[in-house]
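*Asks:* Protein chains in written order, with our numbering: chain A, 29 to 142; chain B, 603 to 711.
Be careful, since some hints might not be right.
Going by beta-carbon spacing under 10 Å, a handful of chain A positions derived as facing chain B [claimed, not checked]:
{"no.": "1", "residue": "Ser-35"}
{"no.": "2", "residue": "Ser-61"}
{"no.": "3", "residue": "Gly-68"}
{"no.": "4", "residue": "Glu-79"}
{"no.": "5", "residue": "Phe-92"}
{"no.": "6", "residue": "Ala-115"}
{"no.": "7", "residue": "Leu-116"}
{"no.": "8", "residue": "Ala-120"}
{"no.": "9", "residue": "Leu-142"}
The hints are simulated quantities; they were obtained by calculation from the structure and are not laboratory data.
Fair warning: this is a prediction, and the values are worked out from it, not measured in the lab.
Built from N, CA and C at the ideal position, the CB exists for glycine as well.
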Amino acid sequence: DAGVTQSPTHLIKTRGQQVTLRCSPKSGHDTVSWYQQALGQGPQFIFQYYEEEERQRGNFPDRFSGHQFPNYSSELNVNALLLGDSALYLCASSRWTSGNPEQFFGPGTRLTVL
Amino acid sequence: RKEVEQDPGPFNVPEGATVAFNCTYSNSASQSFFWYRQDCRKEPKLLMSVYSSGNEDGRFTAQLNRASQYISLLIRDSKLSDSATYLCVVNSGNTPLVFGKGTRLSVIA
């Protein structure tokens, strides 16, 4: 039973570029949440997708956008990258109807913006 | 005031020691509470959920005080492998998980 997978594992970009990160949820899960974790901080919620729609969004600018596909996998896109976007980006999956808020995290994508 | 506050540490303790971490949360509507463990440069992993009655899993004991909006984690007989960052997490129904900054623990031989 595959857990949550993310790609790529590491990425280096320069300011102003755009990046796409990918996530496949755990088998049986239909909901994907994305988090940004800066060094020395806890993960911060970016947004959550269910049934291919953004259901909730945290305090992140419109440069951060996402998508969910029919197979429940998801992408996070960040436009016009800033140095401050350097962080570990975590994807977490869960089941929308389970009533259990427990989320399972992928290994993350470490993004460095130069 | 931050939604979830934790002492960042680091807590440096010898093997075999007992160590306790505390966490406070500001949203009185919070319904679910968790401790996650995060190893260096890895993803967070659920350590245990926290219930009103308190719960224990081996050497780990979690307590919740709703009146004081306070959560604790006690680790007995610390092992070297317990060295990690411990994240306090709260949730209010369908809202996203809200994480504290984490408390760093180093268990020393």
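*Asks:* The structure should be examined with respect to each hint, and the outcome stated for every one.
*Replies:* We went through each hint and held it up to the structure:
no., hint, verdict
1, Ser-35, "14 Å, violated"
2, Ser-61, "6 Å, holds"
3, Gly-68, "7 Å, holds"
4, Glu-79, "14 Å, violated"
5, Phe-92, "14 Å, violated"
6, Ala-115, "12 Å, violated"
7, Leu-116, "8 Å, holds"
8, Ala-120, "8 Å, holds"
9, Leu-142, "19 Å, violated"
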